[in-house]
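Protein chains in written order, with our numbering: chain R, 35 to 322; chain G, 7 to 578; chain E, 323 to 785.
Since the hints were derived computationally from the structure, they do not count as laboratory data. Fair warning: there could be bad hints in the mix.
Below 27 Å or equal to it, Euclidean Cα-Cα: the simulated DSSO-like pairs (lysine-lysine) are [stated by the list, open to error]: (1) 539(G) / 240(R); (2) 289(R) / 551(E); (3) 157(R) / 539(G); (4) 556(G) / 554(E); (5) 240(R) / 292(G); (6) 737(E) / 408(E); (7) 554(E) / 43(R); (8) 408(E) / 289(R); (9) 43(R) / 117(R); (10) 742(E) / 249(R); (11) 556(G) / 356(E); (12) 222(R) / 666(E); (13) 91(G) / 738(E); (14) 551(E) / 338(G); (15) 338(G) / 289(R); (16) 408(E) / 757(E); (17) 72(R) / 43(R); (18) 553(E) / 240(R); (19) 91(G) / 72(R); (20) 281(R) / 249(R); (21) 551(E) / 556(G); (22) 259(G) / 240(R); (23) 666(E) / 91(G); (24) 556(G) / 666(E); (25) 289(R) / 356(E); (26) 737(E) / 539(G); (27) 222(R) / 157(R); (28) 222(R) / 551(E); (29) 281(R) / 551(E); (30) 762(E) / 522(G); (31) 757(E) / 666(E); (32) 222(R) / 539(G).
Not everything, but these chain R residues come out facing chain E in the computed CB check (under 10 Å) [said to hold, decoys possible]: (33) 78; (34) 130; (35) 149; (36) 176; (37) 178; (38) 190; (39) 191; (40) 195.
We put the beta carbon where it would ideally sit given N, CA and C, even for glycine.
These are the residues of each chain, in order.
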Amino acid sequence: MKTITFDQKKTSSIALEFDELITDNIYSWTEEDFAAYKVPVGNSRFPITDYFDITVEGEAESPAEVKMILNGDCNRVKYIGCKMSAGEVVVNGDADLHVGAEMSGGVVTVFGNVAAHAGREMKGGKLEIMGNTKEFCGASYIGEWRGMSGGEIIIHGNAGKQCGECLVGGKIHVLGDCDILAGIHMTKGTIEIDGNVNRWPGGQMKNGNIVIHGKVGRLLEGFVEQGIVTDPELDGIVYPGRYIEYKGDIALNGKGTLIIDAEKNRDRLSTWIEEDDEYNAIREYRAQ
Amino acid sequence: MEYILKNGIVYDPANEVNGEKMDICFKDGKIVEDVSADAEVLDVTDKIVMPAGVDPHAHVAGPKLVVGRLYRPEDERRGVAQKTKVTRAEAGFSIPSCPTTGYRYSRMGYGTVCEAAMPPLEAKHTHEEINTIPNIDINPLPLFGNNWFVMEYARENRIDDLAAFIAAMLRVSKGYGVKIVNPCGSEAWGWGMNVHGYDDKAPYFDVTSREVVRALAKANEQLGLPHSIHIHPNDLGHPGNVPTTIATLDSIKDIAKSTKASAGVRDQTIHCTHAQFHSYTGNSWKDAASGAEEVADFINKNPYVTCDVGQVTFDETTTMTADAPMEYDLFKISGLKWANKDIECETAAGIIPCIYSPKTPVSTLQWAIGLELFLHIENPWQVCLTTDHPNAGPFIRYPKIISWLMSAEKRMSMIDNGEVHKWASKRTGLAGLEREYDFYEIATISRAAPARIHGFQDRGALTPGYNADIAVYDINPNDFDPSKDPEGVEKAFSNAYYTIKDGQIVVKDGDIVSTKQSHTIWTNVIGYEEEEKQIIDSIMPFFTQYYSVKWENYQVHDHYVPNPTRVDVEAK
Amino acid sequence: MTYEPPVTDYDHIVENCTCAFCGCNCDDLDFLVKDGHVVAVRHACRLGASKVMEDMDQRLLVPMVRNEEGVLEEVDWDTALDTAAKYIAESVRPVFYGWSETSTECMKEGVELGEYIGAVLDNQATICHGPSLQAMQNAGYPIQTLGEVKNRADVIAYSGSNAMNSHPRHLARYAAFPRGYFRQRGRFDRTVITMDPKFSDTAKMSDKWIGFEQNGDYGFYNALRAVLKGKKLQSESVSGIPAEDIYELAAEMEAAEFGVLFFGLGLTHTLGKQRNIDIAIKLVQDLNTNSKWGLTPMRGHFNVNGFNIFMAYETGWAFGVDFCRGYGRYMMGETNTIDLLVRKEPDCFMVIAADPGAHFPNGANQHLANIPVIQIDIHWGPSTELADVVLPGSFISVECGGTSYRMDGVPIWMKKAIDKPETCRDDEWIVRELKERVMKLREEPNVADEYVPNEGLACLLDK
Ligand code: SF4
Ligand SMILES: [Zn+2]
């Protein structure tokens with residue numbers, strides 16, 4: 035096991051690019067190697083040691099045996115863990131664009147907020163963000179119709195717009211709120227949102243699941259109510275509680291499933307008659 | 007500057023040189039008989055020497071390429087490479103940026119590429135791109151098959167007027183020859199329709215494809231253009247299109263080839279492009295099968311026909327063609343993003359991303375049909391190596407196709423070990439074909455034949471006086487069995503040992519070592535000046551009313567053709 | 323409007339000139355020239371005419387450099403170019419922005435300089451139709467030339483675009499009014515629909531106005547698509563439009579022989595941004611099942627499309643291309659001017675024929691005040707106040723020839739009609755000079771020792 039610790043000495047207004055500093059490349063590096071390394075900054079390269087004190091402890095035979103720790107405010111450090119296949123990265127602070135993008139294995143944990151494109155086109159592994167993230171989390175590259183295809187993203191804070199765009203596999207779990215158009219164009223996989231959703235979840239989705247435990251601002255016409263379901267099971271996972279189920283987006287003959295918490299969204303049911311059995315059932319359920 | 011390529015094994019089919027060890031000399035950009043003792047010696051002992059490659063049909067420059075690039079950033083990302091001291095940054099896989107296109111052709115030993123579809127209204131755009139592509143010369147073919155004036159002349163059988171119109175349009179658009187795409191069909195697409203078969207009429211124009219193609223063929227031969235009509239027949243990609251294809255080729259049997267010197271190089275009066283897409287039997291994809299044998303048979307019996315194949319290469323690529331209705335059909339099947347571009351009074355184009363996978367039945371059928379055509383057509387002078395780049399695959403796969411053609415064993419192993427779908431053996435005769443191309447035949451289909459078909463009198467052969475466009479590949483043919491080493495073939499043809507363009511060494515050992523400005527090859531018809539003026543005067547009222555630009559702005563000024571190779575045609 | 327008598331006092335007329343204002347690129351203008359100045363313009367709309375008959379008071383005529391007191395000082399060309407070249411050569415994160423009001427010939431020099439030094443090249447699309455381009459990249463791009471519209475279209479829809487004000491001759495020259503081959507009665511043969519929250523001037527000219535609520539675009543188009551798929555709407559109204567109106571509109575659009583949807587910034591700059599275009603494109607694709615439809619973004623500047631086309635064939639991407647690592651990169655939120663400025667990354671900014679001072683959000687302009695700004699333009703503007711070096715260019719299509727691309731991608735040669743002021747230079751010349759000077763000052767950064775092909779090239783699907 036090898037631990038490589040980056041202690042920040044100096045921040046930069048121009049972003050540093052860490053695409054070469056991923057476990058797959060640096061597992062065999064010594065402190066001397068780092069001292070000789072110049073990190074890309076804009077159109078130039080500067081010694082990495084200008085920005086970080088780097089300590090290396092232990093030995094590693096493969097990327098999987100590496101733990102990379104970044105201490106400091108990395109909100110101008112792009113591509114952390116981008117394309118990595120194994121090992122572990124911990125960021126004690128914020129992180130910039132493309133954290134864990136295109137990664138195929140390993141674990142990235144960020145104890146701060148993260149800029150856009152986190153986990154873009156992820157294929158495997160796990161990305162955990164303790165703070166908030168901006169737009170296009172777990173999305174695809176622009177123009178690409180195959181987005182994140184595997185692995186897991188967990189966001190403890192809020193997620194920005196178009197989270198999980200073009201999702202074709204894997205799971206995104208947002209513990210906070212989610213901005214508009216979560217799961218747009220998705221074809222497979224699951225997005226679970228514990229908080230509220232601003233508008234239009236699942237726009238033009240073809241398939242896959244979206245689970246929302248909070249309140250939904252506005253739904254698209256393309257989602258057709260299927261009624262109330264209790265403890266539904268989606269792709270082998272049971273979501274306890276009562277939900278309103280929708281299918282959509284029928285604007286493109288989509289067959290996706292959207293379930294939203296029935297209780298928090300009961301105003302959606304208010305057009306139903308008060309005596310409706312199912313509605314009463316919810317009230318009873320709530321009273322318990 | 008004088009050079010001598012020493013001791014290479016030369017394949018020069020136009021001069022009937024088949025694997026002879028000899029020296030090739032060149033001086034000031036031209037091949038010469040002899041050089042002085044001061045000549046620089048390039049030692050290519052026991053390496054293959056051929057004329058530089060000539061691509062008879064590809065889409066490398068112009069408006070639909072740009073639509074493709076604009077809307078497929080994910081494809082651009084797949085071909086990114088950092089700039090070097092000599093080359094600029096590269097980008098793109100199936101639709102590379104212009105500099106990238108030039109570099110990649112050069113690395114394969116190519117020197118000339120035909121841009122096969124130039125809408126005259128946007129010809130300036132095509133030429134701007136041609137000027138941005140380094141290292142290869144380009145001859146663009148303007149589109150005529152759905153042009154409103156052409157359809158009118160064809161309906162009224164006004165061949166003289168049509169000839170004058172073609173002469174004028176080649177001058178105005180700085181084009182090389184007559185391209186016809188889905189005649190009448192792209193016009194029908196203006197209304198969201200298509201034509202079916204060869205005798206269907208374009209809505210409102212009361213003219214059939216047959217009439218348009220015959221009229222253009224007659225006018226082409228009347229002028230004696232260096233290239234024949236270059237046609238993409240109707241019903242592309244539809245199961246059961248063999249009768250349409252054969253009817254199209256058969257319909258101009260009676261039209262004699264021009265006797266003018268300018269047309270003297272070529273043998274054909276019609277060139278059928280991407281024949282693979284036009285050789286399907288059956289009624290739908292459910293019962294589709296190969297019609298390659300029938301089409302090849304027709305070509306074998308009729309020397310006035312040539313073709314290129316449009317070989318499928320199993321890649322994720324981008325299809326783009328002026329056959330816009332077909333692209334919309336494809337979009338309906340794949341559901342991937344669809345682009346379309348209709349151009350007033352002239353043509354239309356459709357573009358979609360396309361995935362040819364060896365695991366799917368249709369892609370495999372198309373792959374096998376392409377190879378069948380190569381193997382069934384007996385005379386290599388009648389068939390050319392293309393992928394209809396980027397439609398059936400990107401041009402960087404030519405070396406792979408060469409390796410398939412040279413090794414029956416490789417083809418059989420792909421079928422036998424399930425690398426390709428079982429339709430290859432069930433619905434085509436590919437498994438029964440043992441023919442293997444030799445280097446002489448490869449040199450024919452990739453340089454000598456395309457050059458002859460396009461009527462070039464300055465390239466495609468190592469004849470003294472011709473341009474010093476030469477490719478050297480690192481294979482010793484006397485000590486190498488291409489049938490047993492397909493990977494070796496692919497590698498050698500992907501990375502030329504030398505590519506020499508106009509006497510300048512542009513590639514050494516697979517690396518670009520220098521770049522040069524490309525030439526635009528266009529045809530200048532002499533002797534029709536009076537008729538051209540009359541025909542332009544006669545179309546002017548119509549043009550002013552129904553085009554959206556002024557005539558002055560329609561023309562391609564010399565500014566856009568800074569480095570022309572003008573081919574003069576004495577048409578009278 | 324007051325009546326203005328026609329100008330009769332002129333030396334000669336230059337015919338078939340092109341208007342260098344909006345994306346219509348009208349190429350049928352006649353310039354009336356007297357004493358080397360354009361004194362009147364025939365055929366142009368008011369916007370175009372006033373642009374061509376430039377205001378000499380506002381004209382930048384001499385190169386200037388901001389001195390130590392912070393005042394712009396007139397200098398000779400050599401000094402100005404050397405100062406600018408030094409700023410560029412010393413920069414780590416240069417951004418070259420603008421280009422939409424200059425020629426592709428000038429862009430050619432610009433891209434060479436940008437690739438050499440490792441700059442970000444971007445244009446006004448980043449603040450206007452960038453979302454449209456991104457939507458095309460997601461959904462597709464079915465377009466047609468404006469002549470097709472003129473000759474065939476029987477239904478014309480404007481969405482989020484007030485063409486009457488922004489592209490005054492659009493309806494008259496290409497879309498609604500002209501006599502087309504299949505539309506011989508012009509306006510009478512066509513139905514014009516305007517979809518816009520505002521009852522705009524274009525809406526007043528239209529047969530039908532769909533005034534959906536602000537930010538309701540996505541929901542509205544989604545409903546329209548559902549109806550086209552034969553589905554029943556569940557709500558009585560969507561985005562403020564009654565359900566029956568949506569049914570009626572859908573039927574009308576589907577019945578078109580040839581329909582065209584023109585969309586403007588109204589659609590790209592409301593909630594949902596590129597997704598509004600995305601779904602509009604999908605709608606057009608759906609409509610093609612039973613009808614024929616196309617669309618065209620109403621591009622603003624006369625060559626904003628030209629830059630996108632130019633960049634696509636030169637570099638592979640349309641705008642916001644970052645060359646800092648020696649190869650091209652294009653990524654939303656990372657390589658666009660506004661994002662970079664808000665992140666305070668750039669340390670040198672060259673603005674050519676554009677006015678960020680007037681159009682950028684405040685946060686972006688604040689950063690511009692802190693870094694060297696080089697301006698190449700013909701007029702004073704808010705950007706001049708930010709500039710550290712001012713290089714006076716010349717007026718494409720009036721004083722200097724060049725290529726531009728119309729909103730539908732038709733290339734236009736914009737010819738020269740009069741001479742430029744003696745002290746000005748052509749944009750193309752200025753950028754070439756800068757390039758050559760920068761090359762002398764700094765060795766090319768980030769050049770690979772040898773060519774390394776992209777791993778993506780090797781991948782065959784069967785592997
Ligand atoms: S519509 Fe646009 S291009 Fe035409 S004259 Fe007016 S401003 Fe100029
Ligand atoms: Zn083609």
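Each hint, compared with the structure:
1. A hinted pair counts as satisfied when its Cα atoms are at most 27 Å apart, and residue 539(G) with residue 240(R) does not qualify at roughly 58 Å.
2. At roughly 14 Å between alpha-carbon atoms, residue 289(R) and residue 551(E) fall within 27 Å of each other, so this suggested pair holds.
3. Distance restraint check for residue 157(R) and residue 539(G): the Cα-Cα separation of roughly 64 Å exceeds the 27 Å cut-off, and the hinted pair is therefore not satisfied.
4. Under the criterion of a C-alpha separation no larger than 27 Å, the hint pairing residue 556(G) with residue 554(E) is inconsistent with the structure, at around 48 Å.
5. Between residue 240(R) and residue 292(G), the direct Cα distance comes to roughly 26 Å. Compliance with the 27 Å bound is thereby established for this hinted pair.
6. Straight-line distance between C-alpha atoms of residue 737(E) and residue 408(E) comes to about 33 Å, which puts the hinted pair past the 27 Å bound.
7. A distance of roughly 62 Å separates the Cα atoms of residue 554(E) and residue 43(R); the hinted pair therefore is violated under the 27 Å criterion.
8. Taking the CA atoms of residue 408(E) and residue 289(R), the gap is about 59 Å. The hint is violated against a cut of 27 Å.
9. Taking the CA atoms of residue 43(R) and residue 117(R), the gap is about 26 Å. The hint holds against a cut of 27 Å.
10. Taken as a hint, the residue 742(E) and residue 249(R) pair is broken in the structure, with Cα atoms around 63 Å apart against an allowance of 27 Å.
11. Straight-line distance between C-alpha atoms of residue 556(G) and residue 356(E) comes to about 24 Å, which keeps the hinted pair within the 27 Å bound.
12. The hinted pair formed by residue 222(R) and residue 666(E) fails the criterion: a straight-line CA distance of about 38 Å is larger than 27 Å.
13. Note on residue 91(G) and residue 738(E): the hinted pairing is violated, with a Cα-Cα distance of about 37 Å set against a maximum of 27 Å.
14. For the hint pairing residue 551(E) with residue 338(G), the CA-to-CA distance comes to about 14 Å; that is within 27 Å, so the pair holds.
15. Simply put, residue 338(G) and residue 289(R) have alpha-carbon atoms about 18 Å apart, close enough for the 27 Å limit, and the pair holds.
16. Distance hint between residue 408(E) and residue 757(E) is fulfilled; the C-alpha atoms sit about 11 Å from each other, no more than 27 Å.
17. Between residue 72(R) and residue 43(R), the direct Cα distance comes to roughly 15 Å. Compliance with the 27 Å bound is thereby established for this hinted pair.
18. Pair hint residue 553(E) plus residue 240(R) holds up; C-alpha atoms about 16 Å apart against a cutoff of 27 Å.
19. At roughly 21 Å between alpha-carbon atoms, residue 91(G) and residue 72(R) fall within 27 Å of each other, so this suggested pair holds.
20. For the given pair, residue 281(R) sits about 18 Å from residue 249(R) by alpha-carbon distance, which is consistent with the 27 Å threshold.
21. For the given pair, residue 551(E) sits about 42 Å from residue 556(G) by alpha-carbon distance, which is inconsistent with the 27 Å threshold.
22. Taken as a hint, the residue 259(G) and residue 240(R) pair is broken in the structure, with Cα atoms around 52 Å apart against an allowance of 27 Å.
23. The hinted pair formed by residue 666(E) and residue 91(G) fails the criterion: a straight-line CA distance of about 31 Å is larger than 27 Å.
24. Proximity of residue 556(G) to residue 666(E) is assessed by CA-CA distance (about 46 Å); at most 27 Å being required, the pair is judged violated.
25. For the hint pairing residue 289(R) with residue 356(E), the CA-to-CA distance comes to about 68 Å; that exceeds 27 Å, so the pair is violated.
26. Distance restraint check for residue 737(E) and residue 539(G): the Cα-Cα separation of roughly 24 Å lies within the 27 Å cut-off, and the hinted pair is therefore satisfied.
27. This hinted pair checks out: residue 222(R) and residue 157(R) have alpha carbons roughly 13 Å apart, not beyond 27 Å.
28. Simply put, residue 222(R) and residue 551(E) have alpha-carbon atoms about 22 Å apart, close enough for the 27 Å limit, and the pair holds.
29. Straight-line distance between C-alpha atoms of residue 281(R) and residue 551(E) comes to about 15 Å, which keeps the hinted pair within the 27 Å bound.
30. Our distance criterion of 27 Å between C-alpha atoms is met by residue 762(E) and residue 522(G), whose separation comes to about 23 Å.
31. The hinted pair formed by residue 757(E) and residue 666(E) meets the criterion: a straight-line CA distance of about 25 Å does not exceed 27 Å.
32. A hinted pair counts as satisfied when its Cα atoms are at most 27 Å apart, and residue 222(R) with residue 539(G) does not qualify at roughly 62 Å.
33. At its closest, the beta carbon of residue 78(R) sits 5 Å from a beta carbon of chain E; the interface hint therefore holds under the 10 Å criterion.
34. Nearest Cβ of chain E to the Cβ of residue 130(R): about 9 Å, under the 10 Å cut. The hint holds.
35. A distance limit of 10 Å between C-beta atoms decides the matter here; for residue 149(R) the minimum to chain E is near 8 Å, and the interface restraint holds.
36. Against a cut-off of 10 Å between C-beta atoms, the interface hint on residue 176(R) holds, since the closest Cβ of chain E lies about 5 Å away.
37. At its closest, the beta carbon of residue 178(R) sits 9 Å from a beta carbon of chain E; the interface hint therefore holds under the 10 Å criterion.
38. Checking residue 190(R) against chain E by beta carbon gives a least distance of about 22 Å; that is not within 10 Å, so the hint is violated.
39. Restraint check, residue 191(R) versus chain E: the minimum CB separation of about 18 Å is more than 10 Å; hint violated.
40. Contact between residue 195(R) and chain E, as hinted, is supported at the beta carbon level, the nearest pair being about 9 Å apart and thus within 10 Å.
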